[in-house]
Amino acid sequence: MTANRRRHPMLTKRRTAAGVSMVGVALLLAAACSGGGTKSTTTGASGPANRAANVNASGSPTKGGTLKLIGNADVDHLDTAAAYYTTTSTLMRSFTRQLFAYPASTNTTTANTPAADVATQVPTKSNGGISSDGKTYTIHIRQGVKWDTSPARQVTASDFVLGFKRLCNPTQNSVGAPGYYEGVIAGMDTYCKGFAKVPATVGAFKSYINGNQISGIQATDASTLKFTLVKPAGDFLNILALTFSSAAPTEYLNYLPDSADFRQHTVSDGPYSIAKYVPNQSYMLDRNPAWSQSADPIRHQYPDHIQVTLGPDENGVQQQIQAGTQDLQWDTTVPTTDVPKLKSTNDARLGIYPNFDTNPFLTFNMQSPNNGGALKKVAVRQAIAYAIDKVALGQIYGGPTLNTPLNQVVPPGNVGYQKYSMYQTPGNRGDAAKCKTMLKDAGYPNGLTLKDVYRTSGKHPAVYQSVQADLAKCGITVKGTPSAASDYYGKYLSDPTAARSGVWDISEPGWVPDWFGNNARAIIEPLFDGRNYGPGSTNWGDYNNAAVNADIDKALAADTPAAAAPYVHSADLQIMKDAAFVPFQTQSTPLFRSTRVHNAIESPFTAAYDITQVWLNPSS
Amino acid sequence: MIEDTPQPPAGTRPADDDLVRATGVVKYFPIRRGIIFKHEIGQVRAVDGVDLTVRRGETLGLVGETGCGKSTLARCLTRLYPLTAGQVVFDGTDISTLNRGQLRPFRRDVQMIFQDPYGSLNPRRRVGSIIGDPFAIHGVADGAERKRKVQELMELVGLNPEHYNRFPADFSGGQRQRIGVARALALRPKLIVCDEPVSALDVSIQAQIINLLESLQDDFGLTYVFIAHDLSVVEHVSDRVGVMYLGRLVELAEVDELYRHPHHPYTVALLSAAGTPDPNKARKRERILLTGDVPSPIDPPSGCRFHPRCPKARDRCSVDDPVLMPGTDRRPGAEPTGDGHVTACHYPVLPGEVLAGRT
Amino acid sequence: MSTTELFESAEVPTIDTSGTLGRSPWQLAWARLRRDRVALVCGAFIVLLGLVAAFAGPLSKLIGWSPTQQDRINGLTPDGLPAPPSVHHLLGTDNLGRDVLVRVIYGTRVSLAVGVAAAVAAVLIGVIVGLIAGYFGPAVDAIVSRLMDVVLSFPFLLFAIALVSVVGPSELVEIGVIAFFSWAAVGRIVRGQTLSIREKEYIEAARSLGASDRRIMFVDVLPNLVAPVLVYTTLLIPVSIVFEATLSYLGVGIIPPTPSWGNMISDAQDVYQQAWWFLLFPGIALIATTLAFNLLGDSVRDALDPRTERLFAK
Amino acid sequence: MVRFLIRRLLTGVLVVWLISVIVFAIFFIAPHNVAQLLLGKFAAQNQQLVQTVTKQLGLDQPIWVQYAHFLNRLFHGDLGYSYYSHEPVTSLIKAALPITASLAIGAAIIWVVAGVLIGVLSATRPRSFTDRLATLFALIGLSFPTFVLGLLLLYFFFYQLHLAGVTFFPGGGYVPLTQNPGQWAQHLILPWITLAVASMAVYVRLTRGQMLEVLGEDYVRTARSKGLRPLRVTYRHGLRAALVPIVTQFGIDVATLLGGAIVTEQVFGLNGLGRMSVQAVTNQDEPVIIAVVLLAAVFVVVANIVVDLLYAVLDPRVRLS
Amino acid sequence: MALLEVRDLTVEFPTTDGLVKAVRGVSFEVDSGETLGIVGESGSGKTVCTLSLIGLAGGGRRGGQALFRGQDLLTMSADELRAVRGAGIAAIFQDPLSSLHPLYRVGWQIVEMIRSHEDVSKAVARKRAIDLLGLVGIPQPARRVDDYPHQFSGGMRQRAMIAMALALNPDLVIADEPTTALDATVQAQVIDLMVRLQKEFHSGLIMITHDLGVVADIADRVLVMYAGKAVETAELDDVFYHPHHPYTKGLLESIPGASGTRGKLRPIPGSPPSLIRLPSGCSFHPRCRYVMDRCLTDEPPLMDVGAAHRSACWLPATLSGLAEGTEAQRMKVAEAARSEDTPVAEGES
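Residue numbers (the numbering used here), protein chains in the order written: chain Y, 1 to 620; chain D, 621 to 979; chain P, 980 to 1293; chain V, 1294 to 1614; chain S, 1615 to 1963.
By construction, these hints were calculated from the structure, which means they are not laboratory data. Please note: incorrect hints may appear among the correct ones.
As the list claims (entries may be wrong) - Simulated coverage check for chain D against chain S, where a stretch passes if three residues somewhere in it have a Cβ under 8 Å from a Cβ of chain S: (1) 791-802; (2) 819-830; (3) 850-864; (4) 894-902.
To be verified - Keeping only pairs whose Cα atoms sit at most 20 Å apart, straight-line, the calculated SDA-like set for lysine to any residue is: (5) D:Lys901 with S:Arg1719; (6) Y:Lys341 with P:Pro1064; (7) V:Lys1348 with Y:Pro535; (8) D:Lys901 with S:Asp1834; (9) Y:Lys341 with V:Asp1511; (10) Y:Lys341 with V:Leu1456; (11) S:Lys1878 with D:Asp839; (12) P:Lys1040 with Y:Ala472; (13) S:Lys1813 with D:Leu909; (14) Y:Lys343 with V:Leu1456; (15) D:Lys904 with S:Asp1834; (16) S:Lys1878 with D:Phe840; (17) D:Lys904 with S:Asp1825; (18) Y:Lys479 with P:Pro1046; (19) V:Lys1387 with Y:Ala472; (20) S:Lys1878 with D:Gln837; (21) S:Lys1813 with D:Arg907; (22) S:Lys1736 with S:Arg1719; (23) Y:Lys226 with Y:Asp189; (24) V:Lys1348 with Y:Ala204; (25) Y:Lys473 with P:Pro1046; (26) Y:Lys451 with Y:Pro496; (27) Y:Lys479 with P:Val1146; (28) Y:Lys343 with P:Thr1056.
Computed from a predicted model, the values in this text were never measured in an experiment. Think of the CB as a built atom: it goes at the ideal place given N, C-alpha and C, for glycine as much as any other residue.
Given the sequences, and given the hints that come with them, work out the whole structure.
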């Protein structure tokens, strides 16, 4: 099923880069770039992950033409209050604006650092934007940022307040939003709790929103916003750079959030506006006449139109762009099988960009009663960690060009990353003999029989079969339980009942942190905080270690990423020591563009080209 | 009911000499339409009030054209069809109201021989098993005994008993009809209803089967109801002949009487229409050409059903439905003739009378 | 009447059966089949398939690879692409470095098993239901026919995916799904045949002898259904095999690592441009098998009823 | 005739209703939590939201209540909203149907014309080389899984030809007929062929069989005895009589396709009903699944009625009795 | 020269079970205004030997010569033959229901016939069709011309077939068992009609039938066929009153009523042979009462046994007729011709 060919087949669809302006993080990012083993610098000059290689910035930007994107499936939501997929972010870049945004840059550090967008400047303690206790943020709105209403109207502070208010509307179209804001912004929690009781009608929503305020978000005047936090948050600017944090025009109060009606009436303050949207079929974006370049330091408005066609899978998309009938990928990547040839012919249209995630990995159901509760034993899990052939797994995802074996919890590009390897095997190819010995020592000379629940889509079956083959060499019989992608988490991994009854023993999920950098909140906490275990938990294996929990608390409380890093690393070491999971690899994203596309700059945030930077060859 | 006092050729016969007595037999077939809920939109009046007696040991011929109801009548007599109305008494038992289980003993006594030597034998079964069916169904004989009996039967009807294991396809039309005869004979029935048993056969083969049937009748004292549309065949095999038209019995008589002195205009026309394999007779013969075709049995004509085509029809015929009456004298108080020749006609054809429409 | 080439109805000559006397219709059909070169070739091929399926184990030992064994030395390029045919792997390898030849051999087992089991199950249900509908008169017929209408009105592929996504895939589920959507077609054919057989004089003959309904259904009707049903079965087997392939393509097929031609082809669709062998060989196996069954089905039909042309079952 | 139509419609409604019950049962008996699915990982953080959403969707009600609601909405022409895209299902279908219809009808025309012509050709020369070739062609078409055929067509006719500079065949996508009929056809040629090949095979064999049967009929001999031209005998007398079962099959096949040519749409990235329904199944988007299944069933039922009416047009014996 | 002269016609059909020799060297001729009756049992080749002349016997390998108005039908091109069909030689078939196209109106079918051979307007052709229907005795032809075949009764259908056959005033009409499917009373009507129309149109008529009664009614001359061969041909009366061939004699004696006695019929024993594996010599010998040595080995040709009377039998020419005396003589001849040790041919098994 083509839906499986989405780039990020993981639970988490959205991430933000933790580009806090900190040297430490920048260094980590630099390390990430050398993941392929090739020497590299942040500015990048060569190697597979050379961010600048593919830009095609030669010539001067030209206006005109229609940029054609092609891909598989529609966005999840068109409402900024709910949109969560990276693909959606790609689109939202063109018609929504936030206070801060990631600038397009071939420099990874720059690209991952929030810059002022609608805000006039990045607030710091030194410029007075952030109070000394780190709990108050004062932000000014840029003049000339306008809605494409008729007549065009200046975007105001209260538009942003409305944006935040809409986040916790009690419809299914409000996913994602509250979690990032409730614990951080004062009064958000109360506001959302109150909102939850409001019946789902336009009128009721309108009157609740108009009649209730979030104490921590105030428009002190038309162009000034004041945020009050519950506690200091080093990643608050990253949160404000999420599309959730976009401004919302009052017109949006006339529709239920992200309803079909809403989707036909989006209002734009970006360079483009949605002229025509046919669900599941196509988008046509036109220039937004109310937008002016002078009021937007981030985006451009080169092509006349941006067209999105939905339908084909990644192979179809690749063929079309290669044949020149389409320009850019919408939600797919270059099929990994196509990469070697394109690379060997030095095809200029190919670009390979590193990801900063861990995907997939092996998780253990530590509650499983199967095999006499063998998976509860650290030694058994360690034995399995030795058995895994990470190179073979890498081959499924295109080999060394596209991924690098990973041996710790925190992948490169995230706070607390330090390269080490606790269960190193020769060439990362796995060590069946060692596994066997350890297993025997742990009291299982005749091996084990494990149930592996896997998704039937994409490369998941291959991953499962690879693990199965590795463990077979160690005397462990792996039996597969196929699951539809939609059932995978709800029915198996996130259901404690399933875990306790031993429906599964091992599985190969993935995790993309919602942002990079200071993201203890986005990796360690959701995956390994044992206190969070329960229905829907992402601590799938019910790993619970007091030391790790303590480290998590400390990392979350840390004022700066630099302060958080040691705690995160300490937790990382402990988790690996307990062999709570087995990391496989970090991956890179291969992208493709047509020859007429110029200034194709990849955004690490969306792992796709930024469509507001592209200009088209005028002779095409 | 037929006045049945006359003398049969071989002396007097006792009252229980009637093997079958059918009274007022009616068989309508509903015409149904509809997808879920079928509803009746009409009826085919295949047999519409027939009285008939079959005497023990005789061959009763039934002739008539397509759709006259002769085959339906035969299936009513054997209770393959339930009757719409009327009564059939077989060998003293009223069989018209019996259910399937109660009919089983009766099934042993009455057998049928069918028209189509291809359709009446299951092509996927061996001959031995087909002929052995009556034994199997009635649990009469098993295993080796059944085989022996079947082979005896095969020999009896002129089939090689060694062909026990062959399939119907291995036999010619005539041989197949012999298989059908053997099957009918298996339980030594009292009555065999032959439904056009030779119509599908070539002349030379037809003669073989007729001879076989006749000799079996002599050997086993069988009673036949013999249905055919070929008048010469019926003439050859029958003791008495009934003529049917549109669901009715219109004339019944001893065979020679009927062929020599037909009373009903329809019988006359039918006899005159029959081909004769004799050029001189053919040249001399005068044919009565009836106009039109047999009307639909769904909506039969009023009064005498033959009246629209009858050269002798008068006003009365379209109103009054004639019943079977002996002789040709229709005046009140006329002396009944004693030869059992009955006709359902208001104006029977008198000896020497010339019917209109001759060529 | 369907014979066009030979004779008009009245003139079909009596075929002398002196050379074939006493042979059952099956034996006759067998004799005709043996004279049919296409049938012989197809039959031989299918027998070969059966043997390959039966001896998949020894064969794979002979070749030296197990069907799930991943050759990570010679079987994959560093980039994870399958290896082309070579001395190590006669027909190349698949996306996980497994031997294509061995997997095609093992795939025979699954594809045949699914095809045959699904076809047989569908035919069994179809025959029983069709027989009941056709034999027991208009009231029963109306109800049963409606039931078959319901099944035939389902968008079956969609429903198959939905069903599998709900109950989870397995060989048994797959067989069940295919059978479930195939039986109604068989049922219709059987019903039609039964309706026409019911009107045959030999059925009337059996009734006149006092035979019970059960006896008539099983002794008189059923044997006459064997020929069309047999033919339909041979045509249903390849349909089921292709169906299995399609389900695999849609991600609801046989559970890996068990190989079936369907899931091999489905896996191969991602790399067919780089590894033609991975698509070609299971593809050839699939097409050759369906072709063989189809052609054999035609021949069987001809043999069972030499006067019937090779009609395609509806 | 009117009574007949009404009765057919009633049975049709019955069939569709039965199907709706079955589909409903399957999806609601299966244990899964739609709200949890929709809310993703936030379900864990906010069980209250899960409950709110569950209540909103009416999923906390007993099945029969949900079914009654569903029926009630159905009677008002409302198929509900997609859980997933929040679009009204009717508008999703409205967008997808023209694509599927274009695909199905175009392919149907190709296969019926080609299939019938080849079938006739091979029936008029039974056992000839032409006949065997047609049979073989038909069988290969039948044996070819649609997705393989589609992939290969795309690869050779779109990709390789494009690289060779021939840009006639687009690589997928859909241009509405109303927008540009030429491009509409151009975009659909490969999908049409893909979809047509398998069915064409069926029609070749069906036509051949029917024609062989009909050409053996007495009335065809009569036509020959009248000294008519062979083409007239074959088509005017033969094919005309052979058409009835072909039309039956055709009606049902087209109707079945209208329910979604799943594989072909998948391969060519056409967002028709088939793809929509597959996505709906993946996402467990019940309102969409039920709507598509019901729609597909309605098509089949309607086709059955149309076919019955066509009988009357094609066969005076039916018309006049 | 006769209207149709058939010389030594052979027709063979290759089948999967072997070569079917349906017609083996049959010769006959028909003149204008003359009726030839061809008699034989199922499979005797009577239909094939006539319909194959105009290419209606479904292919098969044909040999010999068939001169129609001096032109050989067997070597004509397809187009020439098509022009002969319908216009020169028309055919009437056994089953009128299946022989008329069920989906077209009766009138349309006649009009099609006319317009495929003559360049006339639809209106004119339709007028002619109505006239023809009236001629064959269809009541209200102007109304019934637009009926479909299923709206006609059996007799009317056959009348419509006759009307169609006569539409182009053909020189020769081949009637293949035209009355077999009809009831006796209707049969009489149709035969009457055919006789009348033949006189009117003065065409040649070949009447194919297994019913000797029909032949007696209509034929001038008779050809008796057995196992693909003509075994006897003669004037009508000679065949019925002075048959020479034992098969002809057997046929006549098999008919109930013909022999005039109410005793046992005298059937021909056995069944017709397979056309794939024919008996050696005279193919009738296994069923022949008078079989002689020679019959087992030598195939008798058609020989003159009287004036315009030919028979394919080794019995002396003088032994014609049905009388008991002739029978006795035949037995004697046969007895004498048999050698002692030759087993009597197998009868019915």
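Taking the earlier hints as the rules, which of them does this structure contradict? Hints 5, 9, 19 are the ones this structure does not satisfy, whereas the remaining hints hold.
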